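S.K.: Chain order of the listed sequences is F and D. Each residue of the first sequence is one higher than the last, beginning at 0 in numbering that gives the first Met the number 0. Each residue of the second sequence is one higher than the last, beginning at 0 in numbering that gives the first Met the number 0.
By construction, these hints were calculated from the structure, which means they are not laboratory data. All figures in this text were calculated on a predicted structure; none of them were measured in a lab.
Below 16 Å or equal to it, Euclidean Cα-Cα: the simulated EDC-like pairs (lysine to aspartate or glutamate) are:
(1) D:K130 with D:E102
(2) D:K130 with F:E207
(3) D:K329 with D:E272
(4) D:K131 with F:E207
(5) D:K209 with D:E51
(6) D:K75 with F:E196
(7) D:K131 with D:E102
(8) D:K24 with D:D42
(9) D:K75 with D:D87
(10) D:K134 with D:E121
(11) F:K292 with D:D155
(12) D:K329 with D:E276
Spelled out from the first residue to the last, the chains are:
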Amino acid sequence: MMEYLRNWFWTYIWKPLPDMPFGDWLEAFVRWSRVAWAPMFDATTTGLTGLYQGFADGLLWLPSGLMVLLFAAIAYFARSWKLGLGIGIGMFIVAWMPYWEETMQTLAMVLVAAAIATVIAIPLGIAASENRAFSAVMRPILDLMQTLPAFVYLIPAVMFFSIGAVPGIIATIVFCMPPGVRLTELGLRQVDREVTEAGQAFGASPGEILARIKLPLALPTVMAGINQVIMLALSMVVIAGLVGGGGLGGVIVSSLGRLDMAAGFNAGLAVVLLAIFLDRVTQGLSDRTPVAKAALLAT
Amino acid sequence: MPAIAVDSLYKIFGKGAKHAVAELKSGTPRDQLSKHVTAAVIDHTWEISSGEIFVVMGLSGSGKSTLIRMLNGLIKPTSGTIWIDNTDLGALSPRALRQLRRERISMVFQHFALLPHRTVLENVAFGLEIKKLGKEERLARAQEAVDLVGLTGTEDKLPAQLSGGMKQRVGLARALAADTDILLMDEAFSALDPLIRQEMQDQLLELQAKLGKTIVFITHDLNEAMRIGDRIAICDGQVMQLGTAEDILMNPANDYVTDFTADVDRTRVLTAEAVMEPLGDADTSSYDTVESDTHVNELYESVLSSQHPVLVVDDRSDPLGVVTPRAIIKSLVSETDADRTETEEETQPA
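Based on the sequences and whatever the hints tell you, model everything.
M.R.: This is how it looks when you write it as structure tokens:
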């Protein structure tokens with residue numbers, strides 16, 4: 000019986016069909032657009048390289064010892080002296096290792112990618128919160144961006160931007176953007192209806208309601224989104240290392256090739272310490288938004 | 000000229016709303032409409048004069064919140080017209096509508112709708128900020144409104160630091176600061192504790208005596224409605240009865256209204272004039288007198304301490320009638336109560 004069915008499907012469905020073409024279509028499109036939109040890709044490459052290099056140079060301008068103190072100070076101002084102390088110790092360990100330059104390169108890459116992703120994500124989140132149809136279209140696209148294995152869009156990224164930091168940054172932007180859009184939309188939708196109604200009742204325009212009511216009230220959630228964007232960006236550094244993006248990812252990839260456990264562990268530890276720094280500082284900033292502070296008063 | 004007027008106003012939610020209006024107009028009862036529509040406001044036609052407190056009273060789902068939101072254009076009517084003074088709300092562009100809201104109508108919300116991250120003073124100044132007033136002027140005017148509602152000293156607090164009653168005073172101050180002649184109050188006191196609620200009602204009446212705004216007040220509490228309303232519209236989709244508190248208590252238009260009035264403290268609504276008995280031929284020269292608009296709950300002492308009935312006089316001291324203990328007791332018993340007692344007696348087994 001099963002045999003019969005299998006034959007039937009083969010003869011009448013699978014055999015007459017040509018090879019499944021989705022992948023070929025994409026490849027054809029990528030090849031074509033690389034030529035057709037070459038100036039755009041070149042400009043993007045130049046711009047991103049400049050931005051990334053500028054950030055990396057800036058972070059490496061001060062000696063590592065001073066940078067450790069600076070990171071500790073940022074953590075202190077973002078939250079507390081306890082966090083400042085912890086971050087100071089963590090960053091001291093990072094500076095102690097021979098990978099300070101790579102760590103700063105990775106930090107530069109994360110900051111550039113996360114900043115660009117945030118700048119794109121927040122307007123998209125606002126649009127999605129205002130327009131149900133747009134939100135419905137965005138949702139599967141965001142799912143795709145977040146779940147498609149990162150290696151898959153590394154291929155077109157390399158085709159468009161060749162190897163180096165830029166394809167890594169592009170792939171990172173794509174991968175880390177979704178929570179920024181989602182949490183912006185969620186935060187704006189969660190704003191109490193009566194409060195936006197109050198804005199309308201006093202004659203505020205939609206723009207004024209957005210700027211004076213919805214965005215300030217949604218800010219803690221938006222900040223949580225930015226926190227997620229940064230953390231996802233950091234999780235992409237190893238993959239960026241695969242395409243020659245340098246930084247800690249590069250160290251990890253090469254230590255994998257040489258089975259150099261010590262180097263791999265050190266670089267991994269640096270990623271973790273960087274992650275803790277970025278996470279706690281952005282959380283600290285999120286708790287310091289006016290609405291979050293007011294909510295603390297209520298308890 | 001009425002401050003607000005509505006004419007055959009309908010609001011139906013759901014698919015086929017226009018059709019449902021036509022059906023209602025041709026006499027289909029509300030409960031026989033399609034299941035896909037909800038009739039919130041049915042055939043409202045009334046006017047509110049300037050300086051009046053107009054209370055819309057109904058249970059939840061009676062369309063009163065929808066109604067008040069149509070008056071400032073937050074919700075568009077399905078059919079019918081709304082005039083604010085002589086402006087037809089439906090004919091306004093979104094921009095003109097916003098201008099009308101900034102200059103003519105402000106609103107107080109059930110759950111206060113304050114901005115949690117702004118101080119009391121900044122919240123009160125919100126409407127003025129939208130009016131694009133300079134910072135100094137708007138803070139000065141917000142301060143006046145804060146003083147007016149008795150919140151002086153809390154200007155720099157955040158809403159989370161205030162009690163419910165104080166929060167709603169901020170909501171009221173925000174509406175007053177906008178300096179509009181119409182004030183919409185959507186269940187403004189419903190979220191407050193009973194004692195605070197009474198305090199707020201008193202304060203509203205006090206402020207109203209000073210400011211003379213046109214107020215539309217929504218409530219589900221008939222006691223509240225009768226306490227503050229110059230006129231009351233009892234609604235369940237359509238207007239069941241529209242009149243003064245006394246009208247509604249003395250002559251309920253139908254069973255729906257009668258059921259509502261059963262729980263009302265009648266002594267605080269009815270006046271001496273409403274409960275008095277005819278003068279007769281007795282010599283009234285030695286009787287104590289009360290003004291005709293004295294509420295029944297203020298009559299007890301004079302009636303009890305007097306040998307005779309108490310004489311009710313009008314504002315020129317002309318006698319109108321007399322109040323006896325019997326008249327007072329009679330006034331406490333609404334017609335339904337009387338009916339109910341009789342039926343109960345009949346059904347009691349011997």
